[in-house]
Structure formats: C-alpha cells, structure tokens
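Okay, here's what each chain looks like letter by letter:
2 protein chains.
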Amino acid sequence: MICYNALSKDQLKNEIEILEVRYNAFKEQNLKLDMTRGKPCSEQLDMSMDILDIPAKDVRFAADGTDCYNYGLLDGLPEAKALFAEMLDINTTEIIIGGNSSLNLMYDAIARAMSLGIMGCAPWSKQDKVKFLCPSPGYDRHFAICELFGIEMIIVDMKQDGPDMDVVERLVAEDESIKGIWCVPKYSNPDGITYSDEVVDRFTALTPKAKDFRIFWDNAYCVHHLTEQPDELKNILSACKMAGNENMVYIFSSTSKISFPGAGVAIMAASVENINSIKKRLTIQTIGPDKINQLRHVKYFKDFEGINLHMKKHASILKPKFDIVLKILAEELGGKEIASWNKPNGGYFISLNTLDNCAKEVAKLALEAGVLLTKAGATYPYGKDPLDRNIRIAPTMPPVAELKKAIEILAISVQLVSARKLYS
Amino acid sequence: MICYNALSKDQLKNEIEILEVRYNAFKEQNLKLDMTRGKPCSEQLDMSMDILDIPAKDVRFAADGTDCYNYGLLDGLPEAKALFAEMLDINTTEIIIGGNSSLNLMYDAIARAMSLGIMGCAPWSKQDKVKFLCPSPGYDRHFAICELFGIEMIIVDMKQDGPDMDVVERLVAEDESIKGIWCVPKYSNPDGITYSDEVVDRFTALTPKAKDFRIFWDNAYCVHHLTEQPDELKNILSACKMAGNENMVYIFSSTSKISFPGAGVAIMAASVENINSIKKRLTIQTIGPDKINQLRHVKYFKDFEGINLHMKKHASILKPKFDIVLKILAEELGGKEIASWNKPNGGYFISLNTLDNCAKEVAKLALEAGVLLTKAGATYPYGKDPLDRNIRIAPTMPPVAELKKAIEILAISVQLVSARKLYS
Numbered sequence: 112m113i114c115y116n117a118l119s120k121d122q123l124k125n126e127i128e129i130l131e132v133r134y135n136a137f138k139e140q141n142l143k144l145d146m147t148r149g150k151p152c153s154e155q156l157d158m159s160m161d162i163l164d165i166p167a168k169d170v171r172f173a174a175d176g177t178d179c180y181n182y183g184l185l186d187g188l189p190e191a192k193a194l195f196a197e198m199l200d201i202n203t204t205e206i207i208i209g210g211n212s213s214l215n216l217m218y219d220a221i222a223r224a225m226s227l228g229i230m231g232c233a234p235w236s237k238q239d240k241v242k243f244l245c246p247s248p249g250y251d252r253h254f255a256i257c258e259l260f261g262i263e264m265i266i267v268d269m270k271q272d273g274p275d276m277d278v279v280e281r282l283v284a285e286d287e288s289i290k291g292i293w294c295v296p297k298y299s300n301p302d303g304i305t306y307s308d309e310v311v312d313r314f315t316a317l318t319p320k321a322k323d324f325r326i327f328w329d330n331a332y333c334v335h336h337l338t339e340q341p342d343e344l345k346n347i348l349s350a351c352k353m354a355g356n357e358n359m360v361y362i363f364s365s366t367s368k369i370s371f372p373g374a375g376v377a378i379m380a381a382s383v384e385n386i387n388s389i390k391k392r393l394t395i396q397t398i399g400p401d402k403i404n405q406l407r408h409v410k411y412f413k414d415f416e417g418i419n420l421h422m423k424k425h426a427s428i429l430k431p432k433f434d435i436v437l438k439i440l441a442e443e444l445g446g447k448e449i450a451s452w453n454k455p456n457g458g459y460f461i462s463l464n465t466l467d468n469c470a471k472e473v474a475k476l477a478l479e480a481g482v483l484l485t486k487a488g489a490t491y492p493y494g495k496d497p498l499d500r501n502i503r504i505a506p507t508m509p510p511v512a513e514l515k516k517a518i519e520i521l522a523i524s525v526q527l528v529s530a531r532k533l534y535s
Numbered sequence: 112m113i114c115y116n117a118l119s120k121d122q123l124k125n126e127i128e129i130l131e132v133r134y135n136a137f138k139e140q141n142l143k144l145d146m147t148r149g150k151p152c153s154e155q156l157d158m159s160m161d162i163l164d165i166p167a168k169d170v171r172f173a174a175d176g177t178d179c180y181n182y183g184l185l186d187g188l189p190e191a192k193a194l195f196a197e198m199l200d201i202n203t204t205e206i207i208i209g210g211n212s213s214l215n216l217m218y219d220a221i222a223r224a225m226s227l228g229i230m231g232c233a234p235w236s237k238q239d240k241v242k243f244l245c246p247s248p249g250y251d252r253h254f255a256i257c258e259l260f261g262i263e264m265i266i267v268d269m270k271q272d273g274p275d276m277d278v279v280e281r282l283v284a285e286d287e288s289i290k291g292i293w294c295v296p297k298y299s300n301p302d303g304i305t306y307s308d309e310v311v312d313r314f315t316a317l318t319p320k321a322k323d324f325r326i327f328w329d330n331a332y333c334v335h336h337l338t339e340q341p342d343e344l345k346n347i348l349s350a351c352k353m354a355g356n357e358n359m360v361y362i363f364s365s366t367s368k369i370s371f372p373g374a375g376v377a378i379m380a381a382s383v384e385n386i387n388s389i390k391k392r393l394t395i396q397t398i399g400p401d402k403i404n405q406l407r408h409v410k411y412f413k414d415f416e417g418i419n420l421h422m423k424k425h426a427s428i429l430k431p432k433f434d435i436v437l438k439i440l441a442e443e444l445g446g447k448e449i450a451s452w453n454k455p456n457g458g459y460f461i462s463l464n465t466l467d468n469c470a471k472e473v474a475k476l477a478l479e480a481g482v483l484l485t486k487a488g489a490t491y492p493y494g495k496d497p498l499d500r501n502i503r504i505a506p507t508m509p510p511v512a513e514l515k516k517a518i519e520i521l522a523i524s525v526q527l528v529s530a531r532k533l534y535s
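Going down the list, the sequences are from chains D and E.
Using the numbering used here, count along the first sequence one by one with no gaps and you end on 535.
Using the numbering used here, count along the second sequence one by one with no gaps and you end on 535.
Heads up, a few of these hints could be off.
Identical copies look the same in the list; a pair holds intra-copy or inter-copy alike.
[What the hints assert, rightly or not] Once the Cα atoms are required to be at most 25 Å apart in a straight line, the calculated BS3-like pairs of lysine-lysine come out as:
| id | residue 1 | residue 2 |
| --- | --- | --- |
| 1 | K486 | K475 |
| 2 | K413 | K423 |
| 3 | K391 | K486 |
| 4 | K430 | K237 |
| 5 | K237 | K322 |
| 6 | K168 | K410 |
| 7 | K454 | K270 |
| 8 | K516 | K345 |
| 9 | K345 | K532 |
| 10 | K391 | K352 |
| 11 | K320 | K475 |
| 12 | K532 | K410 |
| 13 | K391 | K495 |
| 14 | K413 | K168 |
| 15 | K424 | K168 |
| 16 | K423 | K168 |
| 17 | K495 | K124 |
| 18 | K495 | K120 |
| 19 | K424 | K237 |
| 20 | K410 | K120 |
| 21 | K475 | K532 |
| 22 | K423 | K410 |
| 23 | K391 | K532 |
| 24 | K486 | K390 |
| 25 | K495 | K390 |
Since the hints were derived computationally from the structure, they do not count as laboratory data.
Given these sequences and hints, build the entire structure.
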C-alpha cells in the first residue's frame, strides 16, 4: 500500500483510471444496496421469535398477582424492573419500564423539560435560550429532537475515549443555557467507542451552571458485544452518587436490538428523586405501558445471564459482517492515508472518516453505483459535518454478499474521490 | 316510594334510623369493594386471550411484506389502518395507529401544541393564555392533562344530548385563548349519553376565533354497546368536511376496552392535513409503534364485523352488571327525588347525581362502609364539582355479588345523607 500523498500526478492518474474501471463495473450491475440504518437483519429477528410464542396464559399474571391484561403499573412490572435493573446494574427503585421505544422516552424527557421544567426549574421554553452539547459524530435522531424543539446544538469533538471533556467541563460550568449533553457511552453511534473510566468520572464531577442540566446517557448498546473481550463501561449512576451528583444523569436503554426493534421494551433509569419527579408527570401522560410484552421478555430471558446468552447469538451473526467490512476497508484503504476508521468491540456501526471535504462526494458516488448510505453529515447536528468527512457504516442489516459489494463500492468511491482531489 | 321532601320530621327521623341499621349491618362486614375505575373485569379479558396465542410466524410479515419484527412504519400497518378506519368510518389516509394508549396520543397532541404549536400558529406556551372547554361531568384524565400544562378549564354543562352548545358556540367565537374542547361523544364518561346529530352538526359549524382550536373527540366507546339498539353517533369528520371545517377535529380511539387495557392499539384520526402535520413531528418522537401487536389485532378481528361480534360478548358480561346497578338504584332511590341517573345504552359508567352538596358526604359514608368510589368531584375540572353532586359508578370490574353490595351501600349512603340533610 502506498500513501496517496506520495503518488506522482501520473501515478494518481493511473490509479484513477483503474478505480474508474472497477467503479463502472459495479455501476453496470444496477445494484440497489441499502446501508442507511442500524437495523438488525432477518436472521437476528428469527432468533427472537420464541418470545412471541410464549402462551397467552403464561403472560397474564405477574409474580405479585397483577393482571397484566388489565390497566395498571405506571412504571412497569416488578419483574421487568428487576431484570433490566440487573442489566443496567442499578436499583429497582431507579428505573421506569416504558413502552416500545427509548427514543420516545428521550423525546418525552426533553418535551417535559421544555413545557414543564425539571424539578422546580423554569420550563426550558420560558428560558431565554436552551443549548445542548452534542459529541459528534453522534446519533442523528438525538440531534433531530433538539432541532425540533429549537434547542441550539454545540458540537463537541469525539476522542478515542469519549467526548472532549475539557470542552464539556468548561462549557457546562460557564453557560447556564446549556441544559444537556447527548451521550452514547458504550459502542457509541457511530464511532463504536466506549467511554473510558476517566471520562465517566469527569462526567460525574461536572459542575454545571444550570441546575436543570442533565446528561442524556443513551446506553443503547450496553450488552451488544461483538467479541469475547467486551468493553467495560463504568456505572455512571453509581459514580454520580459517589460524587454527590446523582440527579445529573438520565440513563436510557432498550431491547430494540436485543429482542425486536419497535416491539421491545424501553427503559429509563435515574436517581430515585428524578424517577419520582418523572412519574408524577408520567401518570398524566398514560395509564401505563404494555405489561404483557414486558412479561413476555421476562419469561423468555429470565435473567441477565439469559440476555447475555441471547446477545452471543446476535454476535455470531454480526461479527462476520463487521469483520468483512473491516477486512475490505483494510485491503482497499489501508496505508493510503485517505481514510480512518474504528474497530469496535460492539454496537451497530463502523465510523469512517475520509479526507476533509470528501464525504458528501463519496456518498454521491456510492449512490450512483447503487449504494445508499446514511446521508453524509447526518452524524452531526443540523446534518452538517463541518469537515465533511464522516460516513456511518451500518453493516448489520444487509446479507453478507450484499454487504461485501456495498463496502467495496464505498471503498472504491473513497479512493476515487481522494485520488481525484489530490490530482486536481 | 315517597318523595323525601314530603316526609315530616318524624318520618325522616324514622327513615334515618332504619337506614342506619342497614348501613351498620354492612359496615360490620368489613367489606373492601373498589368501584373506582372503568376497568374491564377478568371474564372480559379471558375473551381476548386468543389474540395473544396467534403464532409468532403469523404476526411477522404484513400483507405488503413489511417485517413487523423490525423498525419501520411510523403511522402503523396498512391493514391495521384499514381495520380501524372501517371502525371509525374514515379513510385510511386519515389515521395514525399509535402505541398502547389513546390517552398518550391525546397528551402528545396537547404537548406538541404547547411546545411547537399547531400548523404554523404560535406554540400555546408562547401565547398569553390557553383555555379548554370542559363539558362536565367528564373524564378526569382529560382534565388532568390540562391541569398539568396550566391550561385553564372552563366548565360547560352537559345536557341529555351533549354539551350546552349555546355556550360552546359563544365562547369559542369570542375568545381566541380557547384552544380546545374535550368530548367523549358516544356513551360519554360518565353520563353514558351520545351526542345528538344536532349537537354534532353544531360542532362542525363552530366558528372559533382561534385558528388552532381543535375539538378533542375521544371516541373511546364507539363500539361499546350494551343493547341491541345501540346509539348512533354522527360521523364528525365527514360532517366537518361538508362544513369546510375538516381541520377542526382530532379523533381518538383505542382497543383498550375491546382487547386489552394497556396492551391494545390506540388510534388517532383527523383530516389528511392534520395527519401529515402530526406525522412530521411524530417521526422525531419515535421510530414507530409496535406493529406486531397491531398485526395480532388484525389477524384476530379480521374486520369490523369481527370487532362487533367480540363486543357482543363483552355486552353479555356487562349488561347484567349495568342492569343490577339500575335495578338497585330504582328500588332504593326511585321516586324519592334525592337522586337522578342515566340509563346508558353503552360505555363503562353510570352517572349518579345526588342532591346538591351531598356527593362528597355520600362518598365518605360509602368508604366508611368499605366501598371505594371514584373521588367525588373527579368528574369536574380541578376535581371540584361546583354542585358537589356527581358520583361516577363504574360497574364493570367487580364481580356481580360485590357489585350488588357496593351499590346497595352507595344507595343507602345517598338516602342517609339526603335524609339527614333534610332533617337538619
């Protein structure tokens, strides 16, 4: 492999010609490969079918006698709380089991803060300005919530062990209008990195000027390991308690990528004071979540060990897909110094950075050859990647054969755009 | 039966003594009868168990090939839309299939209006004042949403064929801060009355001063008939279209009392313009509802006829309960001119009005004899019944034997409180 920068004009021209031949060969296949979203593949969903075949009579009564077919239990079934409290390593008093969508729980948390305020503070909508810190690249749906509510988003760079905490510490300490920060702390979306203990500790020690500042800790991939040496994430709620800052964090999770996306169980966790304050409002919003589905999940997984065993099966399907992507990226792009990417130990994404000002052009080229990628820029607030270089690769959904082609096309597009740029 | 007003002091005293003997006999039984909520009883829920036993493989793929186990379809499955559009007699373009709670859909509609505004109008939170008309007695959970968001509630009297439309017409036409009205138009909660065609027509012809005024039409009991001669409710969305006012109404419904309370399917219906405007925001809130549960419902009920057949089974359980309540009320209170009540053809409640300023005392007496009633006043905004006379009877949940005792205690309490009042 030769670094592209070391190539002469002639060598670059030659390289471009070779790449164009390869690119056009793909183009002629009239492919249509969708790489846009982090969705589980069909085989992963097959694995969860048994959850739905638990007999109706077995999902009727909870251990405490609650009739799950009827109204009641605003914050979830006791046994569901127990299961997911174990998964998140928190107490059962620190959890709310919600409906089918953790995104919806996050949206609701922000919507409540906007209209009603947090723990006695003025509603955000009545405050002059509301801002969120957005470690980027990050999850587009987080940013979309802020955009909808007119919350100003401030980009914070992602480093190899989490957000740039120097910036986070300074900004939250000096600006009262900063009310939150979005985090995907484990196998982050899209970088696939896990926040280091030091980063978690620095989070717990934040001294936000705003009393109603909350860390939105979207632990979406807490058990979504790909290897036998999974990353460890320090428990932020415990650490916040130790630091005397226990009300500062809202934790979210779900079984969307454990059982069924859109038909799983969503979870919110926080200090008892936060949870109680939220429940007072939640009781106006709904009579309660779908307890039958909660009980189905409990009966199927039984305990945290059951969840982990199930996740191993997911990994056995996903690991080869991640490996193929990484292999092709290494073969095609390695050593050329035109792209960098992470090798995650879990999660749903591989994050690829091209040379500056190339990502959009790469996505355009890939699309013209039939590969639909997550919109370039989507991993940044307002859909604008300031360096136009980040591309989120979602390897989970497509079959392996399609994935190979798609990543080869992507890699060729990266080379082509880079070579042309250097040549011009 | 003798009208209590016609009794002499001695006769009243005698009556009180007889009632006290009966009352104390119940009291000594140390009963604990919960009549608070409109929940289906266990036998009703038994009827729906087969919905949950539909094999997992049969609820995977929708007719259009959608994998219901995966993400997608923000506004619901096409076949679920078709089923519930038929139930509500609207078009499939006029419907959103939500999660498990129509209350949550109503809450969300108001929360969105507060934070984001309706169709280009300023968010309600940015407007000076927001008021809702609240036909009363009404549903306490509707009023609780207004109270949470600081929306001022104005009581409108309920008549035998719906709200007092003279008042509704005048107020919405003259006050721009009036943004909505709560309606349970069929088998209303708690009165059990159905709005007449004339009332529906007058709704469609409203000329609200506020452009962002919406009728919140909670059609919770649309198919919840108790008799073979069900009430007919005029289709408000069609009528609004005819009147050129199609954006004025939000319709809500659910299968909470068709299949499972808390694990059914919730529905919102409105004009295409309203629906599209809502979907633009809904896509930020969630990736989509539980499609598996939707498909389960579709596979089980098949069509509107299937829903109606199922509701006949509900009626066969509920009708005897309503009959017992009405029989005891007639026997105990008939002709005494101390109470009045409706005889609903459907729904979940019987609404009892005592003499003025007696309801709280009746509820207190009943509670002391072991009968927990819906809090007196709960059927009015802020929990304050200005005449302190309305008591909501929820006959569905308790077994017949318990129900009989509870209503007898209630009726004795009404007589006792009335007689004491007239005696003093």
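For each hint, the structure was consulted:
no.	hint	verdict
1	K486 to K475	within (9 Å within a copy, 63 Å between copies)
2	K413 to K423	within (16 Å within a copy, 38 Å between copies)
3	K391 to K486	between (39 Å within a copy, 19 Å between copies)
4	K430 to K237	neither (48 Å within a copy, 50 Å between copies)
5	K237 to K322	both (15 Å within a copy, 23 Å between copies)
6	K168 to K410	both (12 Å within a copy, 19 Å between copies)
7	K454 to K270	within (14 Å within a copy, 69 Å between copies)
8	K516 to K345	neither (38 Å within a copy, 57 Å between copies)
9	K345 to K532	neither (43 Å within a copy, 67 Å between copies)
10	K391 to K352	within (22 Å within a copy, 39 Å between copies)
11	K320 to K475	neither (43 Å within a copy, 49 Å between copies)
12	K532 to K410	neither (57 Å within a copy, 56 Å between copies)
13	K391 to K495	between (38 Å within a copy, 20 Å between copies)
14	K413 to K168	both (17 Å within a copy, 22 Å between copies)
15	K424 to K168	between (28 Å within a copy, 20 Å between copies)
16	K423 to K168	between (29 Å within a copy, 23 Å between copies)
17	K495 to K124	neither (31 Å within a copy, 82 Å between copies)
18	K495 to K120	neither (32 Å within a copy, 84 Å between copies)
19	K424 to K237	neither (48 Å within a copy, 51 Å between copies)
20	K410 to K120	neither (65 Å within a copy, 65 Å between copies)
21	K475 to K532	within (15 Å within a copy, 82 Å between copies)
22	K423 to K410	within (19 Å within a copy, 33 Å between copies)
23	K391 to K532	neither (57 Å within a copy, 38 Å between copies)
24	K486 to K390	between (37 Å within a copy, 21 Å between copies)
25	K495 to K390	between (36 Å within a copy, 24 Å between copies)
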